[in-house]
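Got chain S; can you put chain P on it based on the hints?
Each chain, written out:
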Amino acid sequence: MSARRLEEIFEECVTAYLEGRRSIQESLQLYPAYAFELAPLLRTAVQLNESFSKVEPPAHVQERVRHRFLSDARARRQVRSLTHGHRRAGFIAGLWQGHRFGFAAAAGAVAVLVVAVGSVAMLSNGGRAGGPDTVENITAAPATQRATPPTVTNIRASTSNIRDRGQAVQPSDIAELVSATFNLTAVSPDEVQGSRAEVEQALRDADSALTEVIGQQPELAGQIQDAKDTLRDVASGFGFDLNASPAATSAATPTPVETGETPEPTPQVTEEPTEGPTVEPTVAPAETPVPTTTPERGLPADG
Amino acid sequence: MSSTGDAQDERQLVDSAKAGDERALSELYSTYFPRVYRYILARTGNSHDAEDLSEEVFMRVLEALDRFQWREAPFSAWLFRIAHNAVISQRRKENARGRSAPLLDGIPVDSAGPEELVEHRLVLNEVMAAAAKLPEAQRQVITLRFSAGLSVAETAKAMGKGEGNVKVIQHKAIAKLREMMGQAPRKRTPRVYEREKA
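Protein chains in written order, with this note's numbering: chain S, 1 to 303; chain P, 1001 to 1198.
Excised from the complex, chain S in its bound form:
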């Protein structure tokens, strides 16, 4: 009797039993030549199956985890939609950055035209200077606005919230920070001219807080990376580079920072979250297996 044949028949009988297609007795009748060896093995398999199939997770645990699972999924969707929305906004910002000289030239031409038309009109009106319609009054720029204080304040509040949470940061906390950061894109760089240092500091603080969370909660790494990307995108829209040390950008923005803290450089985070020392290299090459194209092949050989 071939051992391989017995293994095949045994597996076929086990599967038929597990799928409810055949009882053990029926299987033994189907393979009478193997019945003597099959019977005890199949009984053990049935015992195993019966033992495990009776185990049920406690209902309260099942519900608690379900709640967390679904609410985390919701928060992730929210972050994703915000991030994608911001990336679309980033495209417009990129268009502006790429063609700003062209736009500036066009704006200049329009301004010259306005001045010329205005001068002609003034001359034709007898040159009454100082009146309400003078070119001087028309072209007077509004006073430079500061960044909308609530926007920066919200970023700071979200950052503090993340820091206060310690090792229990929730995806919704990160979503909140992303949302607050995203609101900055509604403010033009000119409007924050007087508060650049404040904005930069807030973004750097947020970035640094997120980096700390990755170390403590690697399971959030993917979401945090998205949030950090958003921070970088928004920062670059204002001309800050969060990857550069604060000193490099402070030359361009000499305004003293409010908090006086020296933000840490923000290390790049790997896209795949890993558990560091807890990962068993021979068994699990990646802690959260990336696409299952290369199934893990390191399990110890069976003796």
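The set of hints was computed from the structure by calculation and includes no laboratory data.
Incorrect hints may have been included.
Claimed, not checked - Just a few of them, taken from the derived set where beta-carbon distance is under 8 angstroms, the chain P residues facing chain S: (1) Tyr1037; (2) Met1059; (3) Arg1060; (4) Glu1063; (5) His1120; (6) Val1123; (7) Phe1146; (8) Val1152; (9) Gln1170; (10) Ile1174; (11) Leu1177; (12) Arg1178.
As the list claims (entries may be wrong) - Derived contacts from chain S toward chain P, CB cut-off under 7 angstroms, selection only: (13) Glu11; (14) Glu37; (15) Pro40; (16) Leu41; (17) Thr44; (18) Ala45; (19) Phe52; (20) Val55; (21) Gln62; (22) Ser71; (23) Asp72.
Since this is a predicted model, take the numbers as computed values, not measurements.
Even for Gly, the Cβ is constructed at its ideal location relative to N, Cα and C.
For chain P alone, coordinates are given in the frame of chain S:
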């Protein structure tokens, strides 16, 4: 997931879950949470660890679902690889800080009455104690097949082995378990005999 139709249904379900459909996510959770829990319980022998690690596995699933692709392995194989990694990770932590004693008394068993409950727990303890003595690959095959309910093909994908290899390992594992459990005073329960006769 044995039939093609089931596999297609599952594929649709997983794709909807990836797209953010909450109902699909909930259905996937309902399908797999008890199986993941049973698998981890069978691997760790500790109901508290089974609860914590099952939760961790589903959070990791959420984290990695976007990157899951239907190329070689089915969803179940992918999911149980995450569960396997979580168990290994936990074991390493335990080895570093000292292993905690198994908490088998609290294992929730679906039983009709108190007598049956005691009987099932005794049998389960016996089975798990015997399975714990198996070599890693045999233990892995037994838990994937009988506690997680994976097919041979899914088990093979989850372990990165060939189906033939899994069949051989399964056969050896069952033979060894039979030998170990045959030496124990409680060989089989009357219920098993009744079911066999039915």
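Hints, verified against the model:
no.	hint	verdict
1	Tyr1037	holds, 4 angstroms
2	Met1059	holds, 5 angstroms
3	Arg1060	holds, 5 angstroms
4	Glu1063	holds, 5 angstroms
5	His1120	holds, 5 angstroms
6	Val1123	holds, 5 angstroms
7	Phe1146	holds, 4 angstroms
8	Val1152	holds, 6 angstroms
9	Gln1170	holds, 6 angstroms
10	Ile1174	holds, 5 angstroms
11	Leu1177	holds, 6 angstroms
12	Arg1178	holds, 4 angstroms
13	Glu11	holds, 5 angstroms
14	Glu37	violated, 9 angstroms
15	Pro40	holds, 6 angstroms
16	Leu41	holds, 5 angstroms
17	Thr44	holds, 4 angstroms
18	Ala45	holds, 6 angstroms
19	Phe52	holds, 4 angstroms
20	Val55	holds, 5 angstroms
21	Gln62	holds, 6 angstroms
22	Ser71	violated, 10 angstroms
23	Asp72	holds, 6 angstroms
Hint compliance for this structure: hints 14 and 22 are broken, all remaining hints hold.
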